[in-house]
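Residue numbers (this note's numbering), protein chains in the order written: chain A, 365 to 638; chain B, 861 to 1158.
Please keep in mind that the hints were generated in silico from the structure rather than gathered at the bench. For every residue, glycine included, the Cβ atom is placed at its ideal position computed from N, Cα and C. Wrong hints could be hidden among the right ones.
What the hints assert, rightly or not - Some chain A residues close to chain B (C-beta under 7 angstroms, calculated; not the full set):
# : residue
1 : 586
2 : 590
3 : 591
4 : 594
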Amino acid sequence: MSDLVLTQLAATRQRLDMTPFTPERLADMAPQDIARIPLAVGNRKVEAGELFRMEGRPGETLTIVPARANLDHLGAGMSRGRLVVEGDAGELAGAGLAGGHVQVRGSAGGRAGAGMVAGGLDIAGHCGDCLGGPLTGNTRGMAGGTIRVRGNAGHRAGERLRRGLVIIDGDAGDYLGANLIAGTITVAGRAGAWCGSGMRRGTLLLARQPASMPSTFNANGAWPPGFLALYRPLLGDPWHGVLEGRDDSLQRHLGDLAEGGQGELLIASAAGNP
Amino acid sequence: MVDETQRIAIDDTFAEAFGMKATRIIVTAMDAQWARRAGDTMTGFATSVIGCGVEAGVERDMAADETPDGRPGVAILLFSVSGTELAKQLERRVGQCILTCPTTAVFAGMEGGEPLPLGKNLRFFGDGWQISKVVADKRYWRIPVMDGEFLAEETTGRCKAVGGGNFLVLARSQEAALRACEAAVAAMRRLPNVIMPFPGGIVRSGSKVGSKYKALMASTNDAYCPSLRGLVDSRLNPEVRAVMEIVVNGLTPEDVSGAMRAGMEAVMDYGEDILRISAGNYGGNLGEFHFHLHEIMT
Chain A
365 MSDLVLTQLA ATRQRLDMTP FTPERLADMA PQDIARIPLA VGNRKVEAGE LFRMEGRPGE
425 TLTIVPARAN LDHLGAGMSR GRLVVEGDAG ELAGAGLAGG HVQVRGSAGG RAGAGMVAGG
485 LDIAGHCGDC LGGPLTGNTR GMAGGTIRVR GNAGHRAGER LRRGLVIIDG DAGDYLGANL
545 IAGTITVAGR AGAWCGSGMR RGTLLLARQP ASMPSTFNAN GAWPPGFLAL YRPLLGDPWH
605 GVLEGRDDSL QRHLGDLAEG GQGELLIASA AGNP
Chain B
861 MVDETQRIAI DDTFAEAFGM KATRIIVTAM DAQWARRAGD TMTGFATSVI GCGVEAGVER
921 DMAADETPDG RPGVAILLFS VSGTELAKQL ERRVGQCILT CPTTAVFAGM EGGEPLPLGK
981 NLRFFGDGWQ ISKVVADKRY WRIPVMDGEF LAEETTGRCK AVGGGNFLVL ARSQEAALRA
1041 CEAAVAAMRR LPNVIMPFPG GIVRSGSKVG SKYKALMAST NDAYCPSLRG LVDSRLNPEV
1101 RAVMEIVVNG LTPEDVSGAM RAGMEAVMDY GEDILRISAG NYGGNLGEFH FHLHEIMT
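Please model the entire structure based on the sequences and the hints provided.
Spelled out as structure tokens, the structure:
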């Protein structure tokens, strides 16, 4: 149940930075004050009330209904509450998230969840490149929390991930988990080329053989699900039956040896997963 | 008080119990047998804080669908007089008895209180190859061992607890005392949050405070030793041939009194060779909890 609903009246040609619109930032504001929040539209400042219809009062849950996928920074820097995006989000959805939950009912653009440190980001559709990667100028990506993408993710998902969990129910693009520092990424579909390139530690769990991985990974042999049992409640239906206790249900590869080789690629080797 | 159907007297006395610190852990393994073996090993030498540092026992067996990693397990409760000693004993026992036991993993069994290290320091056994995983805001350690990996949650919780609830079963024969106590322990083990830390849950060497020997802080409870009747101020009727004690530790006073009641009811159901039920105390000046037998049974 939403406390405040913001519905975009018409799509703007320019992108909008939605950073001010999180449940916590609006919590103590009267509706008329929210309507006066200035938003940059190109080289103009426009009050939010001219761009959005507002219903309800601020509370724990904020719902935003975009007219098109050009609302950027939805839920960025949020630390509590719940933000629901009833449609597609633009760039940097949930970037720098420090708590609370961002739910995108459509797809999200690039760099979703970049630099997030806690909380949850749930994307019902697909997402663009650099999911959970570093914010501009940073050397480390996501450092905590959970991202779930029900569809496919673009290239470089989880790049430089420091900590946290990224769950991709569909396919992932190239350079999945490139330069991974630590943390866990799961892909229930197929991952692209150069999977795990430059990773130092951390885990990539793949339901299927990736398009390719660097030659700097050593085969470690068959591996039981073991600790992955802890993830089973989080991974849900796409992994049903894949992690069911057989001693040889995973193939483990260790790498990237160019970076010390303490990262692991776990690939489900069950029948039907070539 | 005399049980009218079975003519078993319950003394008008109380069990004197003490405040303790407690924790619970969950140990899982490939099958229930190995989980139980790990639990029994860890809690084997943990009957009394006097000599063991900790009082511990397997609280119950756990089905696979109750444990964090979906394997069969056991819940273990540990009690000690201080948080420091509890932490020391927990780490030592997990390190020597759980880490070493094939296929096991260890998880927190309670939350809250000051966290006690589980895998937090044991991870260094991994010699740098250990791997940290944070799942649902809990940190786990994967420590490479020769049969695969030892998975250990970083910490477990701690709470205040009660140790030393007890009752004595006075019987016409040694066998009658033992069988009645076995029935009592079986009934008590069906309850949550309690353990009976002695072998099989039963003590045959109840103690009193002090000794004629200065080096000893406790010695045999001569008032309840049948072989000393006539020599000391005995509490035993002429027909009592054996006394056994059940000591119970619990997370709350209600857990302890509930277990005592279940145990005493089982003893009374046992039969006519049971003569009396009594309890051990130190005059009421040492322990903060007094469990009056008549109050418990009413």
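Here's how the hints hold up against the structure:
no. : hint : in the structure
1   : 586  : violated (11 angstroms)
2   : 590  : holds (6 angstroms)
3   : 591  : holds (5 angstroms)
4   : 594  : holds (5 angstroms)
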